[in-house]
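Undergrad: This is what each chain is made of:
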Amino acid sequence: MQGKVVISGVGNTVYGKHPGRDRVDLIVEAAREAIADAGIEKAEIDGVFVKMANSSPTILYGQKVSEALGLQPAIGCALDQGGAANIGLMTYAALAIDAGLIKNALICYGDTARTGSHAVYHRPRGDDAIMGWYSTAAGYAMIHQAYRERYKTPDEHFAAVALAARNHGAQNPKAHLRLPLTMDAYLASPYVIEPLRRDDMCLVSDGGAALVMTSDGDARRRGNVRAVPILGMGQGQESWEVHLRPDLLRTKAVESADMAFAQAKIDRGGVSFAQIYDCFTVTVLQTLEDYGLAPRGQAGAKALAEGLGLGGWLPFNTSGGLLSESGTPGLQLIIEAVRQLRNEALLQVNGASYGLISNQGGSMHTHATLILGAAG
Amino acid sequence: MSIPDVTRPDITRNATNAPYWSALSQGRLDFQHCRACGHQWLPARENCPNCLAADPQWQPASGRGKLVSWVVYHKAYAPHLEDRVPYNVAIVELAEGPRMISNIIGHPEGQGLYIGADVELAIARDFGLDLPRFRLQSD
Ligand SMILES: [Zn+2]
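Line by line, the protein sequences are chains A and B. According to numbering that gives the first Met the number 0, the first sequence is numbered sequentially starting from 0. According to numbering that gives the first Met the number 0, the second sequence is numbered sequentially starting from 0.
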């Protein structure tokens, strides 16, 4: 993409609990903010791209959301790629904008997984449920076990990820969980599915988030100096269930990052910050290593020694991520990256020039990578 | 009309997986072998995921395998599991190649388990079915 398409506006609801509210109303609230932020009229949106709601997948969901927005877009659709869907949708929207099919795309997600149904996260995993195989978390517990056995990883390395996210989220007034975490508290927290502790696991949150994309030319004509350029996008789908993968510690995240960095034509060392999909702490260690930012098995040691805060090795999940800001699947990470690159973040990385974002879903079944440049 | 017993999980029953469950009830663990390309796999499928040929053949496993990873549930995700926690769930790779989700008998809390441990089939009757569980060969 190399800057031909930009993110022109972002918006989100407060994250946490929205009892009694409909997920589509949360999307409309976030979209209203994103459209105003982009400085366009609602009627100028001609693409509506919705991530399927985790808690209740349905047919014709893109049309249900468009109806609530009072729109009859050229392109309206919903996608399921688990937690990789938001970057997936952005990729297809960017291609449609670049091809001249549409001018302004709305990417959006809303859900009430906290106060509504979170049955999807506790689900029986097919016929293997007869063996007691339940929940999303269990797949990550298998990967966490394989990781710590292969690299002899102490618990403190996983904790370094949780501490960084939680300490950033504690400073974010819109975050779902604003409770800083200490190493002692992490190590004392009980196992849920051993080796996963409660604090290794992301939140389950209600909330809505949205962003608007347009061409760089259109944003410039409107004088939108806060538009953030999309430099690179990548995807890779592992597809196989966790237990059927030849190596539990290899997915297609490597290929996804290679695709995005090749497109962006930037050096990996030039990344100013990373918003990594922290559904579980092991996912972050794996992703940092898959992205070539740390040697295999050493991301946790590096995080512990050099820090993941603003002054650390790599400023990470600066608004709290899924572990603290919101358990909603991924759009909040992209929105925080946009705020960083506009120099409008609460915990601002000085001179942020390149932002790296990962999205992934299932039990590392899907992966997507996004690289953004600085506004202006 | 009978009321389904929600405290007892069940399996999908169809023509494709019927030989798998039938073999277990006869004390055997069978996997699928592709007559076209030789690929071997579980769970049951109509077509080979490698070459897509619709020519799978059921073959008996030796019952020997290795532990790939395991977890210990301290939380019950369904009512029938409340009096079973803590219990383990393991990934086992059969000597013939196929992988499966199982349990390691005798180590509910995972004590003494390690990746690469040699395991052997120990079919156990539970929930009205013959389930393919494993034990450590060293036990
Ligand atoms: Zn075949």
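Source of the hints: derived by calculation from the structure; they are not laboratory data. You may find that some hints are simply not true.
[Unchecked claim] Below, computed lysine-lysine pairings styled on BS3-like, alpha-carbon distance capped at 30 Å:
| # | chain 1 | residue 1 | chain 2 | residue 2 |
| --- | --- | --- | --- | --- |
| 1 | B | 74 | A | 102 |
| 2 | B | 65 | A | 151 |
| 3 | B | 74 | A | 16 |
Because the structure is a prediction, the values reported are computed rather than measured.
Undergrad: For a C-alpha distance cap of 30 Å, please report whether residue 65 of chain B and residue 151 of chain A respect it.
TA: Given that 30 Å is the threshold and the Cα spacing comes to 20 Å, the pair holds.
Undergrad: Check the hint pairing residue 74 of chain B with residue 16 of chain A against an upper bound of 30 Å on the C-alpha distance.
TA: Distance ~23 Å between residue 74 of chain B and residue 16 of chain A Cα, so the pair holds.
Undergrad: Can you confirm whether the C-alpha distance between residue 74 of chain B and residue 102 of chain A stays at or below 30 Å?
TA: violated (49 Å)
In terms of the numbered hints stated before, the structure departs from hint 1 and from no other.
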